[in-house]
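Protein chains: 2
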Amino acid sequence: MAYPQTSFIHTSLTPDTLLGQRRQAVSVNTLQYQLDVLKKTGRYDAFKLKWHPVYDRAPEVWPIPDHLFWDSDVAKWIEGACYFLQQQSMPAIAKAVDELVDMIRSAQQPDGYLNIHYTVVDPGNRFTNLKDMHELYNCGHLIEAALAHQALCRNDQLLSPICSYVDLLCKIFGPGPDQTHGYPGHPEIELALLRLYDRTKTERYLSLAKYFITERGNATGCDGRHYFDVEAEKRGADPNMKPAFYPEPRSLWYHQAHKPIAEQTTIEGHSVRAMYLLTSVADLLRLEQSHHDLEAATYRLWNNMVNQKMYSTGGIGAMKQWEGFGLDYFLPQGTSEGGCYSETCAAIGVMMLAQRMLQIDLDRKFTDIMELCLYNAVLTAMSTDGKKFTYINQLASSDKDLSQRDDWFTVACCPPNMLRLLGTIGGYIWTYNAMAEYRSAHIDVHLYVGAKLTFDCGSDIVELQQETNWPSSGDVKFSLRSKSAKVDIRLRIPGWAESWKGYLRIRSNWLEKNPDFTLSIPLKPRLLLSHPLTNQNTLTIARGPVVYCVEDVDNAWVDDHFESVLLSAECKITEEEVHDPKSGISYVALNVTKGASILDTEAFEETPFLTNDKLSKGKPLQELKFVPYYSRANRGGKGHMRVGLKKTD
Amino acid sequence: MAYPQTSFIHTSLTPDTLLGQRRQAVSVNTLQYQLDVLKKTGRYDAFKLKWHPVYDRAPEVWPIPDHLFWDSDVAKWIEGACYFLQQQSMPAIAKAVDELVDMIRSAQQPDGYLNIHYTVVDPGNRFTNLKDMHELYNCGHLIEAALAHQALCRNDQLLSPICSYVDLLCKIFGPGPDQTHGYPGHPEIELALLRLYDRTKTERYLSLAKYFITERGNATGCDGRHYFDVEAEKRGADPNMKPAFYPEPRSLWYHQAHKPIAEQTTIEGHSVRAMYLLTSVADLLRLEQSHHDLEAATYRLWNNMVNQKMYSTGGIGAMKQWEGFGLDYFLPQGTSEGGCYSETCAAIGVMMLAQRMLQIDLDRKFTDIMELCLYNAVLTAMSTDGKKFTYINQLASSDKDLSQRDDWFTVACCPPNMLRLLGTIGGYIWTYNAMAEYRSAHIDVHLYVGAKLTFDCGSDIVELQQETNWPSSGDVKFSLRSKSAKVDIRLRIPGWAESWKGYLRIRSNWLEKNPDFTLSIPLKPRLLLSHPLTNQNTLTIARGPVVYCVEDVDNAWVDDHFESVLLSAECKITEEEVHDPKSGISYVALNVTKGASILDTEAFEETPFLTNDKLSKGKPLQELKFVPYYSRANRGGKGHMRVGLKKTD
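Chains A and B are the protein sequences, given in the same order.
Throughout the first sequence, residue numbering follows numbering that gives the first Met the number 0, covering 0 to 648 in sequence.
Throughout the second sequence, residue numbering follows numbering that gives the first Met the number 0, covering 0 to 648 in sequence.
In case anyone wonders, no lab produced these hints; they're calculated from the structure.
Predicted model only: the values in this text are computed from it and were never measured.
Beta carbons are placed, not taken as given, at the ideal position from N, Cα and C, and that holds for glycine.
Please note that a few of the clues may not be correct.
To be verified - Pairs of lysine to aspartate or glutamate residues, derived as DMTMM-like cross-links and limited to a Cα-Cα distance of at most 20 Å, are as follows:
#: 1; chain 1: B; residue 1: Lys500; chain 2: A; residue 2: Glu601
#: 2; chain 1: B; residue 1: Lys399; chain 2: A; residue 2: Asp327
#: 3; chain 1: B; residue 1: Lys258; chain 2: B; residue 2: Asp222
#: 4; chain 1: A; residue 1: Lys451; chain 2: A; residue 2: Asp362
Claimed, not checked - If you anchor each label on the Cβ, the simulated ranges turn out as follows:
#: 5; chain 1: A; residue 1: Tyr245; chain 2: B; residue 2: Asp110; range: 52 to 58 Å
#: 6; chain 1: B; residue 1: Ala568; chain 2: A; residue 2: Gln320; range: 32 to 38 Å
#: 7; chain 1: A; residue 1: Val60; chain 2: B; residue 2: Met102; range: 30 to 36 Å
Said to hold, decoys possible - Stretch-level coverage of chain A by chain B, calculated; a stretch enters the list once three of its residues show a Cβ under 8 Å from a Cβ in chain B:
#: 8; region: 235-241
#: 9; region: 299-307
#: 10; region: 526-533
Sequences and hints are given; from them, build the entire structure.
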């Protein structure tokens, strides 16, 4: 059960947990809300292949037409809806899925081709700009939608036309002399093809995924040159008309195509592309153990990302211009400091990659990052009511970019990605393996969540239940039930735990005698120091997997986005359980009652450099209140927020 | 005597001082070296208006042809050469000046027009792209060359054709209904026109300068719109073909044309453009006291620049892409930290602006910055032998951008700008005012330099001599000589002096009794702390006006550009007088014998955030050697250098 998209069905979440509440918000609000947006914006009907006024509009980000992602927006909504429909009946949502599937079927061209833009707006130019135009990316999302639809409806109404489209791609792309030696500018189809192969066992889907992965970045792959260069020349592209998001005229690294993946040494470029790509690579490594060079590269790129290019929230991508990775240790917290993108989809991508890595290497370092992203960079991206979203998840607000959410985005990848992630979150909690012939099973518990796992093991049914208020509390009560199967469990002890760290194995013979047991990992606030090379010199408060922030709604005196607040490493922090009756949300708030102060900047009068070392410790603050970063921007206020505070000596 | 370009002739520098040596290097090497480069690259003959192979080349920085600045490269060399020729005979240089003047005269079109590119390469498109194509900028430099040439040769061989060209501009540009309501993308002509007005007293030159200054950024100036927008539309410019250096398709702020200067609140865009523009504004304020809104804006922009956007070296411009100002307090030291441009010409521009400001407001804050730039961001840009240059003056090297100099640049503004600055440096040292009718004079001493000022005061000759080893020593011996004129002196006491600061007035009745006196300003190392909002958390060592750096040539163990070196605010610093027999240069080196260490980064293993506060103070260094930043990259080594070192608690 390598994929959360299929294994989640075996998990039911306890409704009143943090994740249960977020899923509930999606069921009650988000699915219908996003469906309404799809209808209102023209996306819903787009597969009818009629002209839409938007198609005439000049692109917001040249040269990407604003509607270029509509295929994927619809596909991701279908996919997310299907996951929820597998666990809950929602007739209006189900009806919309049916209608969309019908429309997609009707949009397919006689040869199998299926894409709105290149059928309606720019016919005749299919596959002329793989680099920028997201054609194969859209196909990847259609594949994932089709897989979810088949799992829900047990029919091939969507999967069959999509397989026809993919069959067309298998003819067009590949190493053969008559085939196109190309690969997508935005990876996604690779991971989808591997899942499609897993479902259909069709070898050519595996081959195409592998071709896209291994051909990528080949400097001599197409007529002895880079495919993207040849493609651009064929189009007659003027190199001075470079896409707005390219930092340089020929930014191959933006697409992770500057060299073959196996040779890449640092993680570069657009962060969502990088995560989707590496997710497929990690999945390929699980399927075929022979790719040692790709395996080494994947670890290398993971380490570079986590050690040098990741925010304390698990967010990645400091650079707004190319929505991606900056220099090592360049991690400013917000716009006013030089950037912080930390896109929602990128954090979801880190979770996907970490989940795939755990299938080949059960190392808690992957799980820690997966959980860090979930409780911070990902959960922060949707309001508690499920109706508002963030695309960018900065760690500090500024007058230009307040801490607030939007209803929707022109490029709307993030909101439906939340559907997909929350729809399948049960599949991230644990992985299991039932060996019916041995009447045994083992379960690896990655995340602590109030939830129940149920699966067959031969004639037996295995159940593992967690009761916990995590991440507010570190106590987790486990109950294991099975008639006769022997079950081994491994529990992840996080890296921030003060005792043992790693996957703790509990053997079946102990569990037979102790089917009900409690794991306790004490949660207490800890101060995170930023790496000196980040030039941040900040302290961040975390408690368990949760990173905290300050908001003006709790600290009403603030007028500078907390940029002049100082925090001492010796500060005193107290905990306070908070229950918000309006949202029904509970969390642990933190109060700093000693050790916070406000910087006195008057000393710097005529230069940003002070000519002596008389910087004062600042004016003490009686109290500074912190809340989980995931809960930010839910209670009004003026949008001032910050995660890391300047460290005072 | 408002202009150093005219007043310098009254000052002779003592040869063996730091500035005297640099001037000597220019006389002996730089003028001839740069002349050879002009000849080798095709610039020398360019005014013959023949085709050159370079004209066919695709621009390095689209859409600016590589040869676009050739007019100004030649003009600045002529101007610089004329300054030196006024104080020293150099027949080969003088001959080249004559030849160039002849060629420029021969290049003038019947209507007065004078520009290489639009005559040879793109005829018929004159004044169609004021925004990007530097046509008026080139004219500004021709004006300045003509003024210097006239002062040297006492004839109008160059001034006369240039005035004809300017007369043409006076017809074309202006507020009239048949005139073009435009202004240059790159300011320069404004300050040149004001100097031309000062020399010729021709009112229309003042009017044109004033028009360019006040019309700039007028949102409704041309058919109710921005001139640059109308101009682009007329050319049929595709907004997606935005110049490579534009951060946004319509980057009016890059040109300081986003709003009228009087309404600008922060200093933005290309830093050289900003400095040349404000230099002209400050000069206009001297000429006409009625521009209160422009005056307020000039102070506002100066303060924003100095307080929020200036490096400790006086360098400005953190952003490489647009060669200009970044966000407030965004002052990374080098490429590996996110940027540091600090262009040589921009620092020279700050000196020009400060010098003009002193003519309207004798405040030592302008002088301090002028001196800071001179001894750091400017002097560091030329090797001691005068044959190698820097364009970018980063405060920290990286593997990508080592601390080293180049022979020349495609866009060669900086090297000949050093000629102009060093040629006229005597004019920056002091300003004087002789009131012959009252038999009195006063002298404001801005800079301490071994030098002698001589000027007439009626039938009397006033002489003021400084003997000093500044900036190595803070002792300055003054000798004032005049037969009968009463002379008042004001001496600038820098802001970093520990006693009194400001212009100290010494009255003539005291000076009559004490014509020989000594000023002593103790120079000792001091630590500069960066503003907390810079996110730098560094300590920089300065001594007097000189900022220090560490180089690998003195600290051979370094392999990471000193990025992991820590410095304590309690460090112990000793001074050492160094005389380099090879270059003949003397300076005070500094050794930190206690309080420097090397960071232990092993603690940050799996994240840029450390989960506890156990960061060690690092491995102590026995010794860390510092040299003046201006002397960097003169003694070999591998190019590792840094100014600010991480502050340890």
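To see whether the hints hold, each was checked on the structure:
| no. | hint | in the structure |
| --- | --- | --- |
| 1 | B:Lys500 <-> A:Glu601 | holds, 19 Å |
| 2 | B:Lys399 <-> A:Asp327 | holds, 13 Å |
| 3 | B:Lys258 <-> B:Asp222 | holds, 16 Å |
| 4 | A:Lys451 <-> A:Asp362 | violated, 23 Å |
| 5 | A:Tyr245 <-> B:Asp110: 52 to 58 Å | violated, 42 Å |
| 6 | B:Ala568 <-> A:Gln320: 32 to 38 Å | holds, 37 Å |
| 7 | A:Val60 <-> B:Met102: 30 to 36 Å | violated, 48 Å |
| 8 | 235-241 | holds (count 3) |
| 9 | 299-307 | holds (count 3) |
| 10 | 526-533 | holds (count 8) |
Going down the numbered hints, you'll see the structure goes against 4, 5 and 7, while the others check out.
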